[in-house]
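Trainee: Protein chains in written order, with my numbering: chain A, -5 to 107; chain B, 778 to 889.
Hints were generated in silico from the structure; no laboratory data involved.
Accuracy of the hints is not assured; some may be wrong.
Taking lysine to aspartate or glutamate pairs in the EDC-like style, the calculated list, with each CA pair at most 20 Å apart, reads [to be verified]:
hint, chain 1, residue 1, chain 2, residue 2
1, B, K833, A, E78
2, B, K876, A, E78
3, A, K34, A, E94
4, B, K876, A, E46
5, A, K30, B, D861
6, B, K845, A, E94
7, A, K3, B, E816
8, A, K30, A, E18
9, A, K35, A, E52
10, B, K819, A, E46
11, B, K819, A, E18
12, A, K3, A, E46
13, A, K3, A, E78
14, B, K819, B, D861
15, B, K819, A, E52
16, B, K848, A, E93
17, B, K819, A, E93
18, A, K30, A, D79
19, B, K845, A, E93
No experiment lies behind these values; they were computed from the predicted model shown.
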Amino acid sequence: DTEVTQTPKHLVMGMTNKKSLKCEQHMGHRAMYWYKQKAKKPPELMFVYSYEKLSINESVPSRFSPECPNSSLLNLHLHALQPEDSALYLCASSQEGTEETQYFGPGTRLLVL
Amino acid sequence: GESVGLHLPTLSVQEGDNSIINCAYSNSASDYFIWYKQESGKGPQFIIDIRSNMDKRQGQRVTVLLNKTVKHLSLQIAATQPGDSAVYFCAENSSGTYKYIFGTGTRLKVLA
């Protein structure tokens, strides 16, 4: 099974709201990723967790806060977002993290009003 | 034929023809490459990968070619089918890093 699941599929939030995106994988992968994808653009890396520790933060604004509660789960906490943060948020995982296939979830379509 | 729009290059091919999608990668130190297919409203789906110690790798109906001299990657799809219509991305990775860099993508349109 090479499935990465993400919830919710769609999310609409106001600029003062707090919400969370969730990602789960049961492949025993130890690296997990958050990407942001705008329409007609490639995915842009936001965060990488390796063995439940934050390894990469691509200078993402603090209104995005990642969390890795265990090796199967990855959350992205959202607070005080801006309309330009509207995008598809993709989660991915890989076995160890380097020179390996990344498996992507279906994404969460986020709209910030 | 191939056209470059405002944001995403598009390749249009007739059903049954072969497709070739190209990618120029950025980092000469990259040694692992992946091709992804992304259909509308879905996450990227793994198609095929190749390591830098190879110059060709074949899968089912797909072939990836790697030319490290000119930092070029291509994806060949044989007997293109309507279900192949999607956006295709290449991604590169360097040994020891967690960062995967994606190319700009190419939209493949299969004409009936």
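Trainee: Evaluate each hint against the coordinates.
Mentor: Results for each hint:
1. K833(B) with E78(A): Measuring from Cα to Cα gives roughly 41 Å; hence the hint is violated.
2. K876(B) with E78(A): 24 Å, violated
3. K34(A) with E94(A): 25 Å, violated
4. K876(B) with E46(A): 16 Å, holds
5. K30(A) with D861(B): 24 Å, violated
6. K845(B) with E94(A): Measuring from Cα to Cα gives roughly 19 Å; hence the hint holds.
7. K3(A) with E816(B): Status holds; Cα separation ~15 Å.
8. K30(A) with E18(A): Holds, at about 17 Å.
9. K35(A) with E52(A): 17 Å, holds
10. K819(B) with E46(A): Not satisfied, since the Cα-Cα distance of roughly 26 Å exceeds 20 Å.
11. K819(B) with E18(A): This hinted pair holds, its Cα atoms lying about 16 Å apart.
12. K3(A) with E46(A): Violated. K3(A) to E46(A) sits at ~24 Å, over the 20 Å cutoff.
13. K3(A) with E78(A): 19 Å, holds
14. K819(B) with D861(B): 14 Å, holds
15. K819(B) with E52(A): Given that 20 Å is the threshold and the Cα spacing comes to 23 Å, the pair is violated.
16. K848(B) with E93(A): 17 Å, holds
17. K819(B) with E93(A): 23 Å, violated
18. K30(A) with D79(A): Holds, at roughly 9 Å.
19. K845(B) with E93(A): 16 Å, holds
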